[in-house]
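With the hints as extra help, turn the sequences into a complete structure.
Just so you know, we're using the working numbering here: the sequence shown kicks off at 19 and counts up by one.
For the record, the hints were derived by calculation from the structure and aren't laboratory data. Among these hints, one or two may not hold up.
[Said to hold, decoys possible] Think about it this way: if two alpha-carbon atoms lie no more than 30 Å apart in a straight line, the pair counts; the simulated DSS-like pairs of lysine-lysine are:
hint : residue 1 : residue 2
1    : K82       : K61
2    : K61       : K104
3    : K82       : K93
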Amino acid sequence: QVQLVESGGGLVQPGGSLRLSCAASGIIFRIYNMGWYRQAPGKQRELVARITSGGSSNYADSVKGRFTISRDNAKNTVYLQMDSLKPEDTAVYYCNAVYSFVATRDYWGQGTQVTVSS
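Shown next, in the form of structure tokens:
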């Protein structure tokens, strides 16, 4: 059974920092491309950051220079370090794992709430 379990969300003031974690089980973590997405109320889910199995990363323009995605294959965990948080970063953040070879395997976590407010 595949599980992606996010943690680390919460309430933070503008300018503050949070670190999200996503612990994966039931998959061969090191071969999966991992991503963080977010969905704000009334908006579509959007990509925040993604890191490939080889360690290459890319970011949404809105978070470049403020967020950092990383992975620890020994711990089957992907992280999202979020600095200089803004109220517009408020959303539910979801972890995603994708592996494409012949068929695509695509898994999602349950999400963790991040609220940026004074």
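Legend entry - Restraint check for K82 with K93, where alpha carbons must lie at most 30 Å apart: Holds, at roughly 26 Å.
Legend entry - 30 Å limit on alpha-carbon distance, applied to hinted pair K61 and K104: holds, 17 Å
Legend entry - Distance restraint between K82 and K61, which requires alpha-carbon spacing of 30 Å or less: holds, 20 Å
In terms of the numbered hints stated before, the structure departs from none.
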